[in-house]
Amino acid sequence: MSGVAARAAERTYAAVMNVPERPMRWAQARMGTGRFAWLFVAPNLAIFGIFTFLPIAIDFIYAFTGGPELMPADRAFTGLANLRELLSCGNYLNPNTCTRDIFWDGVWNTLRFVVLQVGLMILFSLITALVLNRKVIGRGFFRAAFFYPVLLSPVVVALIWKWILQRYGVLNAVVTDVGLHPVDWLLNGTSAFSWTVFVSIWAHMGFYTLILLAGLQAIPADIYEAAAMDAAPPWRTFRRITLPLLMPSLLVVLVLGLIRAVQIFDEVYVLTGGGPGTATTYLVQFIYQTGFAAQVREYGLAAAASLLLATVLLVLTLVQLRATRGTR
Amino acid sequence: MTTAAQLLTARRGRFRADWTDWVSYAYLILGVIVMFGPVLWLFASSFKSEAGLNQFPPTLLPWQPAQVQIAGQPAPLPLFHVLTGPHAGEDLAEVRRIGLMAQLLDPKSPNQVIRLRTNTIKPAMQMRAAWDNYTGLFSKFNFLRYLFNSVFITVVATLITLLINSMAAFALSKYRFRGRDGVFLLMIATLMIPPTIILVPNFLIASALGLVNSLWGVILPGVATPTGVFLLRQYMLTLPDDLIEAARMDNASEWRIYWRIVLPLSAPALAVLAIFSVMWRWNEFLWPLIVLTRNEHFTLPLALYSFQGELTTSWNYILSMTIITLLPVTIIFILLQRRITQGIASAGVK
Amino acid sequence: MAALSLRGVVKRFGTVEVIHNVSFDIPAGEFVVFVGPSGCGKSTLLRMICGLETVSDGQVVIDDQVVNNIPPARRGLAMVFQSYALYPHMTVYQNMAFGLENIATPRPEIDRRVDEAARMLRLDQFLQRKPTQLSGGQRQRVAIGRAIVREPRIFLFDEPLSNLDAELRVSMRAEIAGLHRRLGTTMIYVTHDQVEAMTMADRIVVLRSGSVEQVGPPLELYNHPANQFVAGFIGSPRMNFYEGQIERVTSDALLVACPALGNVRTDAAPSARPGGQVTLGIRPEHVQVGDAGPNVVRGEVAAVEQLGGLSYVRLAAPDMTIQLSGQTALALGHTAAVTLPPAAIHVFDDQGAALPHHAMTTSMAPQPA
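Chains as they are written, first to last, in numbering that gives the first Met the number 0: chain A, 0 to 327; chain B, 0 to 349; chain C, 0 to 368.
FYI, nobody ran anything at the bench for these hints, they're computed from the structure.
Since the structure is predicted, the reported quantities are computational estimates derived from the model, not experimental observations.
Be aware that one or more of the hints could be misleading.
[What the hints assert, rightly or not] Residues from chain C that face chain B, not an exhaustive set, calculated with beta carbons under 8 Å:
no.: 1; residue: A77
no.: 2; residue: N101
no.: 3; residue: I102
no.: 4; residue: F228
no.: 5; residue: A342
Beta carbons: idealized from backbone N, C-alpha and C, even for Gly.
Could you build the full structure based on these sequences and the hints that come with them?
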């Protein structure tokens, strides 16, 4: 920064920060240094309190009340009605027999999605990390390339792929070049589902690759040298040495990946809108639709679904805490 | 040894090129193509005019059907290249088409109408970068407004985040007060509460506070990031306590110690948090979707989303808007990717 | 400049008491050194005077004002930290000006004080540099400069020289002493090095495990140590100690039977009782070579160190260190005869306290070899 600009910036900074000086000194004198520290924590705590902790409590209120009113005071207490409505099904495996079929579509779709996406993503992240761990020229560049999509807005991600996948898009151009028929990739249920898995992997695997790569690089080189001295064949080295030592990072990646996958919404919603039909409608979309997009907003149901989702996430987070503590 | 497992366990390359090295590089290059390719394709496509975009199969470079304005004609006419016959090799403007016959004019002598069969002509292509895809954003849409909204939210939210997160981190790292550890744990606990499960109540609270449909409604709920507090606290713990004691001896108020000593010395950590915050805020989608209901308050991602629902055929503007939306993040990425990837890698190991 | 008094000062960390009932007075304008082994509490005491640690019990009084509850910055003190604690992102000028800026001193006054301090400490060339661009000695001086600029009534130094190499330490010692002569302000200086204490102090406070062992001018501590600890701590090489039992008490002498030395005669000690366990002490520099006089001890020379101007001789049995001026003819394996002048022998009771006896005369100079 040029000297003049730097000094001007410094002076503005000093001027702005000097504003609360007098009241802060007064507060410090009144409260003593120890209690004064609370003033520093207060703004952060306030935001957390209002926008994170309070909402959880209100979630419970919504979940146990009914009606379209927004203000909790106006709502009627309905007890477990919301939960019961969500969970009532003739056959749990067939969403069409459920009162809230979209909810159960969401549940099963999300389950399929999570298993497929997390499994494949970890596999590819692991392979990429292993390849990057070798002495490659331009490793920094390659690592950055895999990481780039992580930085993109989900809307951008969705539009990029929507553009590629559309009827007259470049993918179909390649397909016709090869002699096959062009496909409406996002208009077929199974195909659309597969593409949401792919796009989600594309957009996020870089992050997990980084973590796994760091975990691999933390394994000291002499362990491998010792294994070589012990004439250990490569597959054995991988299974008995690399994999166990990488386990902490793998666990982190697994749980973080699961937590994120269970909450999938943004890029899918823009890519397919949940369709065709409900083929790519996932849980969070159900919450969004019920609570904000429907003609009649059903806050109670949305909140009840949120609580169910929260339970799953809580379990996953606790598993992660236990797992990472155990390996330390 | 040439088993597949060698690929997985090798840590060092060999001096002579192994087949595993070839496979590795092939994989990496494929990866680069798959990761960068789609964005580059979007970029290339954004320079094609509407007509050019309608071409199938699509070309890499912005070719589009050429047009020519002929005196006496009300509008520019599409130019066609003649393939066979007496006019082979010429470029003629098509006035109208009836059945299988086309009526064409020679731009050089436009008085005479030439009739040719449509299967003897094909559109003439010219390469032209359709800059008006970008400039049109400003004239045709409220683009400047969306851009302003996104920039406003990103800058203000980042500034507030830096301020209150560093204040909290300072208190948690340099002071001893009752309940300190409890507060810290509480803040970390919020990491476990993803925003998706508190959407409805947050909407209520935002309504109650009059924040719905306001940019502040997007800014405020997310300024207290637990990651930010954690990061800054870790860094501030490494600052020597003597400095703070010396400043106390120097009659500095605690507030002054904070902004004249601790903040400047925490610059590296603040920079990392600033980068993260800019990225999170610029890319935010779900919460702004809920809070902002009026068009003039939309951020770029929201505007993009609503456009692609309405303008299913005007991809040219959607493409250019998408490119502009991803530009700031891309620039940050190019300049600072090493710092970002290192920051995440080290945090992940912890 | 101000006078300092500690009255019954106690410090507790939780349930652990680390400073036990410390009381002493320091007149205005003196250079006082707190000295003692690591962990004796000297830094804690300094920080309590400064206000960076709270006082659990007792009072810290500066110029008749009890300052226990006054914040550190308002006590009129300035501290030079062991690590210097310079603000790394500010220039030398800004480092020194910071304290004055905080109390809204007008800029011309700030400039005047900073310039004066910089000139005094030969820092005027470096005012625009940052601490990382300075050497260790220069940083030291900036830390001192920062304190001077505040025109405090007491200067506090927390082991300021421990981060410097030996040569720099000697020159900085002289500079600090010179500063005291020039400014005349009360200075309290904490160190674990008794050489610094002896050379710089007007008054020394010897501390051990949170208690004051003795307060007094350097030579008084040297000549009349109040207990065995002070006797062993002050003076280098260390005083020789021997256990013994009092045989006979007369009006002008004390006879002590020592397993290591035989029968030893010392000057009279009125409070001694026959049969009491005592420890005798004699400094290496007071042991005389030769067999003329009372208290002759013979022993085999186990080590000889010749420094040219001084010689150190160590006897094997009894274990004795002797300091002689000049060079010595004694060599390894010789049997040396030495005498212990009665007036030079210190007597400590079974609790370690010194038994009062005739004053040591200053004519007890080291004997020529």
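Consistency of the hints with the structure:
1. A77: Since the shortest Cβ distance to chain B is 7 Å, the answer is holds.
2. N101: holds (4 Å)
3. I102: holds (5 Å)
4. F228: Hint on F228 of chain C: violated, closest Cβ of chain B at ~31 Å, above 8 Å.
5. A342: Because about 48 Å separates A342 of chain C from the closest Cβ in chain B, which is outside the 8 Å limit, the hint is violated.
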